[in-house]
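So the sequence lines, in the order shown, correspond to chains A and B.
Position one of the first sequence corresponds to residue 1 (my numbering), numbered consecutively onward.
Position one of the second sequence corresponds to residue 1001 (my numbering), numbered consecutively onward.
No wet-lab data here; the hints were simulated from the structure.
Certain hints may be false.
[As the list claims (entries may be wrong)] In silico BS3-like cross-links for lysine-lysine, where the CA-CA straight-line distance does not exceed 25 Å:
{"id": "1", "chain 1": "A", "residue 1": "K45", "chain 2": "A", "residue 2": "K2"}
{"id": "2", "chain 1": "B", "residue 1": "K1078", "chain 2": "B", "residue 2": "K1024"}
{"id": "3", "chain 1": "A", "residue 1": "K111", "chain 2": "A", "residue 2": "K45"}
{"id": "4", "chain 1": "A", "residue 1": "K2", "chain 2": "A", "residue 2": "K79"}
{"id": "5", "chain 1": "B", "residue 1": "K1068", "chain 2": "B", "residue 2": "K1078"}
{"id": "6", "chain 1": "A", "residue 1": "K42", "chain 2": "A", "residue 2": "K111"}
{"id": "7", "chain 1": "A", "residue 1": "K42", "chain 2": "B", "residue 2": "K1024"}
{"id": "8", "chain 1": "A", "residue 1": "K99", "chain 2": "A", "residue 2": "K79"}
{"id": "9", "chain 1": "A", "residue 1": "K99", "chain 2": "B", "residue 2": "K1068"}
{"id": "10", "chain 1": "B", "residue 1": "K1068", "chain 2": "B", "residue 2": "K1024"}
{"id": "11", "chain 1": "A", "residue 1": "K79", "chain 2": "A", "residue 2": "K45"}
{"id": "12", "chain 1": "A", "residue 1": "K99", "chain 2": "A", "residue 2": "K2"}
{"id": "13", "chain 1": "B", "residue 1": "K1024", "chain 2": "A", "residue 2": "K2"}
{"id": "14", "chain 1": "A", "residue 1": "K99", "chain 2": "B", "residue 2": "K1024"}
{"id": "15", "chain 1": "A", "residue 1": "K42", "chain 2": "B", "residue 2": "K1078"}
{"id": "16", "chain 1": "A", "residue 1": "K45", "chain 2": "B", "residue 2": "K1024"}
{"id": "17", "chain 1": "A", "residue 1": "K99", "chain 2": "A", "residue 2": "K45"}
{"id": "18", "chain 1": "A", "residue 1": "K79", "chain 2": "A", "residue 2": "K42"}
Chain residues, written in single-letter form:
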Amino acid sequence: RKEVEQDPGPFNVPEGATVAFNCTYSNSASQSFFWYRQDCRKEPKLLMSVYSSGNEDGRFTAQLNRASQYISLLIRDSKLSDSATYLCVVNRVPRNTGKLIFGQGTTLQVKP
Amino acid sequence: DAGVIQSPRHEVTEMGQEVTLRCKPISGHDYLFWYRQTMMRGLELLIYFNNNVPIDDSGMPEDRFSAKMPNASFSTLKIQPSEPRDSAVYFCASSSTLYSYYEQYFGPGTRLTVT
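Using the sequences provided together with the hints, build the complete structure.
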């Protein structure tokens, strides 16, 4: 079983739609969670951290469910510019280091 | 501020040749990571350094791969000899324990093609 699993998609949605991605992780001791965004032929960039209480940044909302070991990302009012691959990222345990485990990514295509 | 700098951006080489990829992390960052990305395997961590010391190289695929960090502002990843299956995008990333050492800043990557 992969440490971090995501549905690769692609998710094809019209502009203005709401879309949600889920991600599951295997190690219940993981403590830090993130969503990174990667545009085609570019480097990954941090989109947002995921906090236990959930957090929102504009049109983006991240949620963490520790009991079920999954993380979600909700994008409201999607824009053409949201088209990208979204990477679910979890810290490596048991040692608390800067090491991250990246999921394979979920591809989003927003259509006019 | 300058971000993570990688060179070259593209490298095309023949099988059996030595390839050296270079990275300059963000000034003041004490962690440096080397990743490889392919369609099949996604983003894989190869090796990472903390304060110039290699901490975990368990992701290095085989002895043909080696990495060094002689000082805080420079690292290299070397493949010798290169093989077609090494074709991938190689990213360098850095982070800082002073802020959030999980927030990694990636360089633009080196696209390697081995023919």
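Going through the hints against the structure:
Taking the CA atoms of K45/A and K2/A, the gap is near 22 Å; set against the 25 Å cutoff, the hint holds. Taking the CA atoms of K1078/B and K1024/B, the gap is about 15 Å. The hint holds against a cut of 25 Å. For the hint linking K111/A to K45/A, the alpha-carbon distance of about 23 Å falls within 25 Å, and the restraint holds. The straight-line distance between the Cα atoms of K2/A and K79/A is roughly 31 Å, outside the 25 Å bound, and the hint therefore fails.
A C-alpha spacing of about 9 Å is found between K1068/B and K1078/B, which places the hinted pair at or below 25 Å, so the restraint holds. Simply put, K42/A and K111/A have alpha-carbon atoms about 21 Å apart, close enough for the 25 Å limit, and the pair holds. Note on K42/A and K1024/B: the hinted pairing holds, with a Cα-Cα distance of about 18 Å set against a maximum of 25 Å. For the hint pairing K99/A with K79/A, the CA-to-CA distance comes to about 32 Å; that exceeds 25 Å, so the pair is violated.
A C-alpha spacing of about 18 Å is found between K99/A and K1068/B, which places the hinted pair at or below 25 Å, so the restraint holds. Between the alpha carbons of K1068/B and K1024/B the distance comes to roughly 12 Å, so the proposed pair stays at or under 25 Å and holds. For the given pair, K79/A sits about 18 Å from K45/A by alpha-carbon distance, which is consistent with the 25 Å threshold. Taking the CA atoms of K99/A and K2/A, the gap is near 16 Å; set against the 25 Å cutoff, the hint holds.
With a C-alpha separation of about 31 Å, the suggested pair K1024/B and K2/A falls outside the 25 Å cut-off, and the hint is violated. Using a Cα cut-off of 25 Å, the hinted pair K99/A and K1024/B holds, with the two alpha carbons roughly 19 Å apart. A C-alpha spacing of about 22 Å is found between K42/A and K1078/B, which places the hinted pair at or below 25 Å, so the restraint holds. Between K45/A and K1024/B the alpha-carbon distance is near 17 Å, which keeps this suggested pair within the 25 Å criterion.
Note on K99/A and K45/A: the hinted pairing holds, with a Cα-Cα distance of about 16 Å set against a maximum of 25 Å. The hinted pair formed by K79/A and K42/A meets the criterion: a straight-line CA distance of about 19 Å does not exceed 25 Å.
In this structure, the earlier hints numbered 4, 8, 13 are contradicted, and the remaining ones agree with it.
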